[in-house]
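Residue numbers (the numbering used here), protein chains in the order written: chain Y, 1 to 315; chain R, 1001 to 1315.
In short, the hints are calculated from the structure, not lab data.
Keep in mind that a hint or two might mislead.
Label pairs and their in silico Cβ distance ranges [stated by the list, open to error]:
1) R:Ser-1165 / Y:Asp-53: 36 to 42 angstroms
2) Y:Glu-17 / R:Ser-1165: 34 to 40 angstroms
3) Y:Asn-172 / R:Arg-1274: 33 to 39 angstroms
4) R:Asn-1251 / Y:Asp-53: 57 to 63 angstroms
5) Y:Met-1 / R:Val-1119: 42 to 48 angstroms
6) R:Gly-1212 / Y:Glu-161: 51 to 57 angstroms
7) Y:His-13 / R:Arg-1274: 47 to 53 angstroms
8) R:Val-1119 / Y:Asn-92: 51 to 57 angstroms
9) Y:Glu-115 / R:Asp-1240: 29 to 35 angstroms
10) Y:Asp-240 / R:Ala-1164: 53 to 59 angstroms
11) Y:Glu-161 / R:Glu-1014: 38 to 44 angstroms
12) R:Arg-1096 / Y:Ala-164: 21 to 27 angstroms
The beta-carbon is built from N, C-alpha and C at its ideal position, and this holds for glycine as well.
There are 2 protein chains.
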Amino acid sequence: MATLIAPANHSPHEDAEALRKAVKGWGANEKAIIAILGHRNAHQRQQIRRVYDELYQEDLIKRLESELSGHFERAVYRWMLEPTDRDALLANIAIRHIKTDYNVIVEFACVSSPEELLVLRRAYHHRHKRSMEEDVAASTTGPLRELLVGLVSSFRYDGNEINASLAEAEANILHDALRDKTEKREEVIRILSTRSKTQLIATFNRYKDLHGTSITKKWLEEASDEYHKALNSAISCIDDHKKYFEKLLHNAIFKKVGEDEDALTRVVVTRAERDLKDIKDLYYKRNSVSIEHDVSNELSGDYKKFILTLLGKEN
Amino acid sequence: MATLIAPANHSPHEDAEALRKAVKGWGANEKAIIAILGHRNAHQRQQIRRVYDELYQEDLIKRLESELSGHFERAVYRWMLEPTDRDALLANIAIRHIKTDYNVIVEFACVSSPEELLVLRRAYHHRHKRSMEEDVAASTTGPLRELLVGLVSSFRYDGNEINASLAEAEANILHDALRDKTEKREEVIRILSTRSKTQLIATFNRYKDLHGTSITKKWLEEASDEYHKALNSAISCIDDHKKYFEKLLHNAIFKKVGEDEDALTRVVVTRAERDLKDIKDLYYKRNSVSIEHDVSNELSGDYKKFILTLLGKEN
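Build the full structure now, drawing on both the sequences and the hints.
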């Protein structure tokens, strides 16, 4: 479930006029901007952008960029882009900072449905005039490259069929690979980048049955280099992406292990219209405190207000 | 240009009735079958199939399969399937015989446009309940697997932009790879499976400028194992697929280097409505004899008549 609270009916014309007032003159009215844009769905935001352009011959996104600043500006910018175009931008930023941001690429490749990933890849062509796998391949080397290119290029079967004996065989391959890393790497990448998600989840379950511990736990302990960390993220994203995002949000709010506001913004902006409510519920279940509470304590200013609005806080 | 000669107007109803007559009773009327189906485009054939099913509660394809035999039956069967479904079938047959048929996979991956390849991959999901790259990966190993999975998984950028300095740099990588095979393999696969076709052709041209010989000639001399043969096919298919098909047709007609009627059928059936006319013209230019002449001499029976019809021979 989504967290975004948007009215069923809105007037793009009135919204555009109100936003014009909010950005005109000395200093923007951030409160008004949040009150409007923090309560409009993707379709409504694109309507507002179009009407604003017609009325004032000005790109609303560019105007907001110039009026706002810091994390708030970045969050509003990401929120205002058309979602697949935004994802193509986020993927490109991550590729340009691949040494630290390889997990963002893993997320896009493994959380998206097969058809969603194609839509992203097509949007990437359109925005960057190159393919996503091309840029990933050109900016990485070795095992990390093999894994990322495999995940990004995948167009998995999306059906619910499970081959139980295959799940067992491949659970064992994954288990063996933990002991003998170089030999089995090719097989691990093959399994994770080509099998359907349903089949992979069956494989992960079989792993747990056979070896008494979840594969993510086991891999995480072993995750020492980028390749193994990315592998662990891939397994987590395929196995249960909401759990993955819950942990990521928690780490980002408390700035743990390299996560920061960019990760927080990314997850909130990309999931607010999809399943952020479920992620919020997991957050509460796991931390015994609401994410709104932690955001209120750890963040500040307009950025905090905007994030809380997207998290579904009633005004 | 296509070779298929199909009427602008036809009656699916009359065609279905005529075909019913042709398959009823003792022994099919192959001449009538060729006269109708050899002159109907993909859309018309699917209309006939639908009307035939409505009129006689029978799948026309299955009936034809049971009435006909040998290469003729196989050709009619491939001709009658919906084209993307047929390609998914042909890809699956090739994967099941990957040790000899890996070039068919290279063809599908490298001749198709990026969007056509996605359509094929989607049809493969639908028909086989697995992904194409999944089946390729599970049935191959080593360098051949790396190459084939890379090619099949690609979703290349389809624009016409060329980066000239990149073309030069990568022409040199490809050249170096000929001397030092193991070290550079990863780079060769990266280049061939991720760059846009326009960019790759610029790279191949730069190779020729720099090294005085075409890359396909050079690679062909070196092509000793499956990986290098597949690599050579990939370069040929990307560089000029019509030339590639011309050579393949010639080898198939004269049963050279392992090619046979299956290759002949595949190329004729899949290209008759696309660019078989251009391939025929190349054939004549290269061999100073028409492909119809060679087919007439080397093939026989209804199979010969059907292939000649699809090649555009007037009745």
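Comparing the hints with the structure gives:
| no. | hint | in the structure |
| --- | --- | --- |
| 1 | R:Ser-1165 / Y:Asp-53: 36 to 42 angstroms | 37 angstroms, holds |
| 2 | Y:Glu-17 / R:Ser-1165: 34 to 40 angstroms | 49 angstroms, violated |
| 3 | Y:Asn-172 / R:Arg-1274: 33 to 39 angstroms | 46 angstroms, violated |
| 4 | R:Asn-1251 / Y:Asp-53: 57 to 63 angstroms | 59 angstroms, holds |
| 5 | Y:Met-1 / R:Val-1119: 42 to 48 angstroms | 34 angstroms, violated |
| 6 | R:Gly-1212 / Y:Glu-161: 51 to 57 angstroms | 53 angstroms, holds |
| 7 | Y:His-13 / R:Arg-1274: 47 to 53 angstroms | 49 angstroms, holds |
| 8 | R:Val-1119 / Y:Asn-92: 51 to 57 angstroms | 26 angstroms, violated |
| 9 | Y:Glu-115 / R:Asp-1240: 29 to 35 angstroms | 33 angstroms, holds |
| 10 | Y:Asp-240 / R:Ala-1164: 53 to 59 angstroms | 47 angstroms, violated |
| 11 | Y:Glu-161 / R:Glu-1014: 38 to 44 angstroms | 42 angstroms, holds |
| 12 | R:Arg-1096 / Y:Ala-164: 21 to 27 angstroms | 22 angstroms, holds |
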